[in-house]
Amino acid sequence: VGTTGDYTPFSLKQPDGFYAGADIDMAHDLAGRLGVGIAFVPTAWVDLLEDFLADKFDIAMGGVTVTAPRAEKALFSIPTFVDGKRPLARREDRDRFTSLEAIDRPGVRLIANPGSANEAFARANFKRATVIIHHDNASVFDELVAGRADVMITDGLEADHQARLHPELCAVPVAASFTRLEKAYMFARDPAMKAYIDDWLAAAFASGQWQRALEGAMSAHAAPR
30 VGTTGDYTPF
40 SLKQPDGFYA
50 GADIDMAHDL
60 AGRLGVGIAF
70 VPTAWVDLLE
80 DFLADKFDIA
90 MGGVTVTAPR
100 AEKALFSIPT
110 FVDGKRPLAR
120 REDRDRFTSL
130 EAIDRPGVRL
140 IANPGSANEA
150 FARANFKRAT
160 VIIHHDNASV
170 FDELVAGRAD
180 VMITDGLEAD
190 HQARLHPELC
200 AVPVAASFTR
210 LEKAYMFARD
220 PAMKAYIDDW
230 LAAAFASGQW
240 QRALEGAMSA
250 HAAPR
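Reading the sequence shown from the start, the letters are residues 30 to 254 in this note's numbering.
Keep in mind that the hints were calculated from the coordinates and are not lab data. Accuracy of the hints is not assured; some may be wrong.
Think about it this way: if two alpha-carbon atoms lie no more than 25 Å apart in a straight line, the pair counts; the simulated SDA-like pairs of lysine to any residue are [unchecked claim]:
no.	residue 1	residue 2
1	102	204
2	42	244
3	85	127
4	42	204
5	156	102
6	102	46
7	156	85
8	85	69
Computed from a predicted structure; not experimentally measured.
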């Protein structure tokens, strides 16, 4: 299982080296149902597709966004989560970055992690703001807190979750998400595997298993820093 281990509440590598998160729980469940062992392979967003194509892992799990470049090379499961891009900023800037136009101005420092859907969105939509690429996804939010960046456009769930973890930050209220995106599991172009995983996920949704895994992961990492 390829996973970045830096995206709560989906996948987080803990200090002891073990992984936790909603998608990690689901990975263990999937392996158990398949009757196979499980190994987590560390990857990074910038390397995710390349590592997958190099056959370093069988499936990518951990808040993976469905994108056109990835979908050209791999299959995706039915969505595990539907979301959209929204701004995350310091609380004092709550009313400053409420639209793309308000963000795309000279002097605004927008931060993103490399190789991510966040970077792709930033490159495509902001021509006047300064785009800062921060290579450690685990500490990117600390850059906002410290004032070394002004705003980050990220998944709505992450904006809400990081605002809970960092009292200095807020998920900026916007009229509507800037995009619509889907999270899913990425694997080889095997129709039989897709059918199995989709059926397994559908059952997990119907039973509440997936929602319990997500809520449990969010609660486990809800204490402010």
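Right, here's what the structure says about each hint:
About 34 Å separates the Cα atoms of residue 102 and residue 204, which puts this hinted pair outside 25 Å; it is violated. Annotation: proposed proximity of residue 42 to residue 244 holds, straight-line Cα distance about 18 Å (limit 25 Å). Annotation: proposed proximity of residue 85 to residue 127 is violated, straight-line Cα distance about 41 Å (limit 25 Å). For the suggested pair residue 42 and residue 204, the alpha carbons sit about 34 Å apart, so the restraint of at most 25 Å is broken.
For the hint pairing residue 156 with residue 102, the CA-to-CA distance comes to about 29 Å; that exceeds 25 Å, so the pair is violated. With a C-alpha separation of about 30 Å, the suggested pair residue 102 and residue 46 falls outside the 25 Å cut-off, and the hint is violated. Proximity of residue 156 to residue 85 is assessed by CA-CA distance (about 36 Å); at most 25 Å being required, the pair is judged violated. For a cut-off of 25 Å, the pair hint linking residue 85 to residue 69 stands: about 10 Å separates their Cα positions.
The structure fails hints 1, 3, 4, 5, 6, 7 (numbered hints given earlier, in ascending order).
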